[in-house]
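Number of protein chains: 2
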Amino acid sequence: MRKFLTIVAALALCISATAQQAIFMAAPLKSPEINPDGTVTFRVRAPKAVSVTVSGEFVKGASSAAMVEKNGVWEYTTPEAVAPEMYPYTFSIDGVQTLDLSNAWVNRDVASLSSVLLVPGGRADLYTIQDVPHGTVSKVWYDSAVAGFDRRMTVYTPAGYEQNTKTRYPVLYVLHGIGGDEDAWVTQGRACQILDNLIAKGEAKPMIVVFTNGNISEEAAPLENSTGYTVASMGLPKTMEGTFETSFPEVVKFIDANYRTIAKKQSRAICGLSMGGFHTLYITLNNPDMFNYSGMFSAAIGTGSEQRGNAAIYGDMDKKIATYFSKKPALLWIGIGDADFLYKANTDFRAKLDAGKYPYEYMETGDGHVWKNWRIYLSEFVPKLFK
Amino acid sequence: MRKFLTIVAALALCISATAQQAIFMAAPLKSPEINPDGTVTFRVRAPKAVSVTVSGEFVKGASSAAMVEKNGVWEYTTPEAVAPEMYPYTFSIDGVQTLDLSNAWVNRDVASLSSVLLVPGGRADLYTIQDVPHGTVSKVWYDSAVAGFDRRMTVYTPAGYEQNTKTRYPVLYVLHGIGGDEDAWVTQGRACQILDNLIAKGEAKPMIVVFTNGNISEEAAPLENSTGYTVASMGLPKTMEGTFETSFPEVVKFIDANYRTIAKKQSRAICGLSMGGFHTLYITLNNPDMFNYSGMFSAAIGTGSEQRGNAAIYGDMDKKIATYFSKKPALLWIGIGDADFLYKANTDFRAKLDAGKYPYEYMETGDGHVWKNWRIYLSEFVPKLFK
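Going down the list, the protein sequences come from chains C and U.
Going by our numbering, the residue at position 70 of the first sequence is 178; the numbering climbs one at a time, nothing skipped.
Going by our numbering, the residue at position 311 of the second sequence is 419; the numbering climbs one at a time, nothing skipped.
These are calculated hints, taken from the structure and not from any lab test.
Some hints here could point you the wrong way.
Which copy? The list can't say, so a pair holds if one copy fits it or any two copies do.
Unchecked claim - In silico DSS-like pairs for lysine-lysine, Cα to Cα no more than 27 Å straight-line:
1) Lys138 <-> Lys346
2) Lys492 <-> Lys452
3) Lys178 <-> Lys156
4) Lys460 <-> Lys373
5) Lys428 <-> Lys372
6) Lys274 <-> Lys361
7) Lys372 <-> Lys274
8) Lys178 <-> Lys346
9) Lys361 <-> Lys178
10) Lys465 <-> Lys346
11) Lys452 <-> Lys361
12) Lys428 <-> Lys373
13) Lys313 <-> Lys138
14) Lys460 <-> Lys274
15) Lys372 <-> Lys435
16) Lys178 <-> Lys274
17) Lys178 <-> Lys460
18) Lys427 <-> Lys372
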């Protein structure tokens with residue numbers, strides 16, 4: 109037995125020096141810890157620190173909460189139960205922002221990293237990995253004639269897709285916001301968990317879901333492209349000027365050519381958040397025979413991009429809207445938070461639809477331009493599709 | 109224009125408060141920065157810190173190097189050019205280990221996180237994303253009768269797989285070490301980049317590559333299973349006692365049923381590192397008609413696990429070896445570092461093969477039981493397959 113333990117310790121060497129170091133360092137801390145009463149405790153070891161705080165939306169009434177030190181370990185327990193939700197958070201140790209290295213769950217949001225707490229329960233149970241059949245999640249490259257290079261997308265095929273080789277599936281295209289990429293909905297949006305869980309409960313039809321990269325100047329997400337490892341800033345070229353919208357039919361063509369889709373309008377949906385909501389609107393209007401369901405989540409419309417961009421894509425709105433609705437799409441869905449800086453632009457757009465007596469569904473939530481809302485909107489939108 | 113800039117700033121809100129904060133905080137630091145002379149500079153802002161160090165294998169002759177402060181930013185430049193390689197690294201700020209938050213590339217190694225530096229050049233160019241056709245990388249779940257639940261694997265299909273619908277492909281199975289999972293070879297092993305690049309150069313045949321999870325008690329990698337978000341320790345049950353080896357034919361059956369494989373021995377290979385090398389040996393010997401190519405990378409043989417485990421899997425070695433070689437496999441490949449704690453066990457195993465006049469190929473490198481070696485071994489092994 110002694111030899112075995114020696115071997116296990118030695119096998120620990122099969123991981124890097126860093127991991128090895130962690131194993132032989134001080135006892136690991138449990139952080140975050142969801143307590144039986146629903147409060148959450150965060151811990152970080154920093155014996156020499158003078159001040160340690162934790163930041164996250166579970167901190168109420170302030171941007172951060174002071175942690176308290178005992179034996180070199182700083183701790184903070186929320187005063188109340190934390191509502192079910194996915195929360196990014198960070199620590200600040202003497203003014204230096206750090207992750208919670210006791211927690212392996214790290215999220216990248218554009219160029220920023222944070223640790224992640226997920227409190228299950230209620231709607232947040234849709235965001236957790238349940239013991240249900242899981243779809244396949246693939247990173248796929250397609251040749252973009254418009255961009256002039258290969259580009260990456262994420263494709264979700266529902267559980268059973270590989271086995272049911274005679275079955276064809278409807279397709280939902282899901283678009284990210286500015287600064288995001290083809291990973292954003294999968295990581296921060298928990299879209300694959302939402303799909304797995306809604307399908308398993310019978311609340312959504314099995315469907316293929318395609319997460320594109322809406323930054324047409326990019327091959328792929330940061331760290332996933334051949335142009336190096338620098339994370340893109342918010343200032344990418346060609347994000348809201350018409351090129352991505354122009355290119356979208358080639359995405360649909362690729363998916364229809366490479367997956368067992370039902371390649372017709374009745375079985376196609378599209379939605380997106382912020383810039384992706386803007387893209388959704390203009391892709392839909394410029395291709396009125398392509399999508400039967402369109403979802404605008406906190407759409408970044410009315411920002412002036414329409415005036416600066418490609419007139420062929422953004423012009424003739426009234427006429428395009430009339431044509432689109434004349435073809436009787438099954439659903440135009442609009443969701444926005446009442447604190448969103450795009451609230452007025454979306455209200456104005458709805459007034460325009462109302463004036464034309466054009467039908468749409470509307471959901472207004474609290475909060476602003478945040479992932480919390482976009483997870484809600486996706487989980488509301490998906491059950492309405494392909495019924 | 110002013111309105112546009114306001115909107116861009118507002119759109120920054122479409123990402124989380126954390127990301128937003130980063131954007132409006134002090135100017136971002138460039139870290140790590142590969143300088144024209146090949147040295148690398150690391151930077152971290154910590155105005156109140158007393159001592160900051162950086163740890164990584166680029167630090168020579170010590171476990172860490174002191175960084176020097178100027179205007180609140182701590183900096184370290186390596187004294188010499190850093191050799192092309194992938195390096196995990198961390199900072200220590202007044203004794204608290206942290207990641208480099210200027211660098212979005214984070215690696216998880218079992219439960220430990222580190223930042224990643226990749227210095228291109230030489231063999232390390234195989235580890236970078238090049239402007240070549242990319243394969244599809246999928247996370248796929250299969251129903252394991254042996255485990256009693258669905259389990260996750262990573263499947264790489266080479267560029268063109270989707271389009272060349274009449275083509276069937278050989279399959280390589282790639283196994284991880286103790287503490288690892290179905291993500292390890294993809295993240296730390298850079299296996300998909302190695303495959304993309306070797307195939308693009310014509311140095312490897314297009315092949316399907318399957319990365320299994322060798323922890324048969326687990327559904328999936330940490331953070332990817334339904335049992336919660338705790339990262340598994342090294343002490344998982346049933347890692348080297350025969351169950352995973354017993355279950356392996358069901359993996360092969362699943363792949364043959366769901367992918368366009370050439371479902372015969374001549375077109376199947378298997379390899380693995382450490383525990384995965386151990387698994388490779390016993391899966392191969394117990395299924396002598398299954399694999400034509402087997403690669404043992406720093407294999408964790410001779411640790412006593414064989415004596416404690418399932419005798420049906422680990423017993424009758426001499427007879428199984430004789431049977432295996434009697435069927436004339438194309439290649440048994442063994443690689444190990446001269447500083448590996450398993451060096452002697454592998455030397456003993458080779459002596460046994462030599463005594464029986466059994467053919468194998470052998471590669472001995474420097475260093476020990478580290479990912480650097482496993483990336484080398486994979487990139488040496490793959491070009492030998494299916495020729």
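Now the hints, each set against the structure:
1. When the C-alpha separation of lysine 138 and lysine 346 is checked against a cutoff of 27 Å, the pair qualifies only between copies, where the shortest distance is 25 Å, while the shortest distance within a copy is 44 Å.
2. Proximity of lysine 492 to lysine 452 under the C-alpha cut-off of 27 Å is restricted to the intra-copy arrangement: shortest distance 26 Å within a copy versus 63 Å between copies.
3. In this assembly of identical chains, the alpha carbons of lysine 178 and lysine 156 lie at most 27 Å apart whether taken from the same copy (12 Å) or from different copies (21 Å).
4. Proximity of lysine 460 and lysine 373 under a CA criterion of 27 Å is satisfied intra-copy only: 25 Å inside one chain copy versus 65 Å between copies.
5. In this assembly of identical chains, lysine 428 and lysine 372 lie within 27 Å of each other by CA distance solely inside one copy; the values are 20 Å within and 56 Å between copies.
6. Taking the shortest Cα distances, lysine 274 and lysine 361 sit within 27 Å of each other both inside one copy (20 Å) and across copies (20 Å).
7. Proximity of lysine 372 to lysine 274 under the C-alpha cut-off of 27 Å is found in both arrangements, the shortest distances being 17 Å within a copy and 25 Å between copies.
8. For the identical chains of this complex, lysine 178 and lysine 346 are neighbours neither inside a copy (52 Å) nor across copies (38 Å), given an alpha-carbon limit of 27 Å.
9. Taking the shortest alpha-carbon separations for lysine 361 and lysine 178, neither the intra-copy value of 60 Å nor the inter-copy value of 55 Å comes in at or below 27 Å.
10. Proximity of lysine 465 and lysine 346 under a CA criterion of 27 Å is satisfied in neither setting, with 34 Å inside one chain copy and 64 Å between copies.
11. With identical chains, the CA atoms of lysine 452 and lysine 361 are never at most 27 Å apart, being 35 Å at best within one copy and 56 Å at best between copies.
12. Only within a single protomer do lysine 428 and lysine 373 lie at most 27 Å apart by alpha-carbon distance; the minimum there is 17 Å, versus 59 Å between protomers.
13. For a Cα distance limit of 27 Å, the shortest separation of lysine 313 from lysine 138 qualifies neither inside one copy, at 39 Å, nor across copies, at 46 Å.
14. Within a single copy, lysine 460 and lysine 274 get their C-alpha atoms no closer than 44 Å, and across copies no closer than 51 Å, so neither meets the 27 Å cut-off.
15. In this assembly of identical chains, the alpha carbons of lysine 372 and lysine 435 lie at most 27 Å apart only when taken from the same copy (14 Å versus 53 Å across copies).
16. Proximity of lysine 178 to lysine 274 under the C-alpha cut-off of 27 Å is found in neither arrangement, the shortest distances being 62 Å within a copy and 65 Å between copies.
17. Taking the closest pair of Cα atoms, lysine 178 and lysine 460 never come within 27 Å of each other, the shortest separation being 60 Å inside a single copy and 57 Å across copies.
18. In this assembly of identical chains, the alpha carbons of lysine 427 and lysine 372 lie at most 27 Å apart only when taken from the same copy (23 Å versus 60 Å across copies).
Of the hints listed earlier, those the structure fails to meet are numbers 8, 9, 10, 11, 13, 14, 16 and 17, in rising order.
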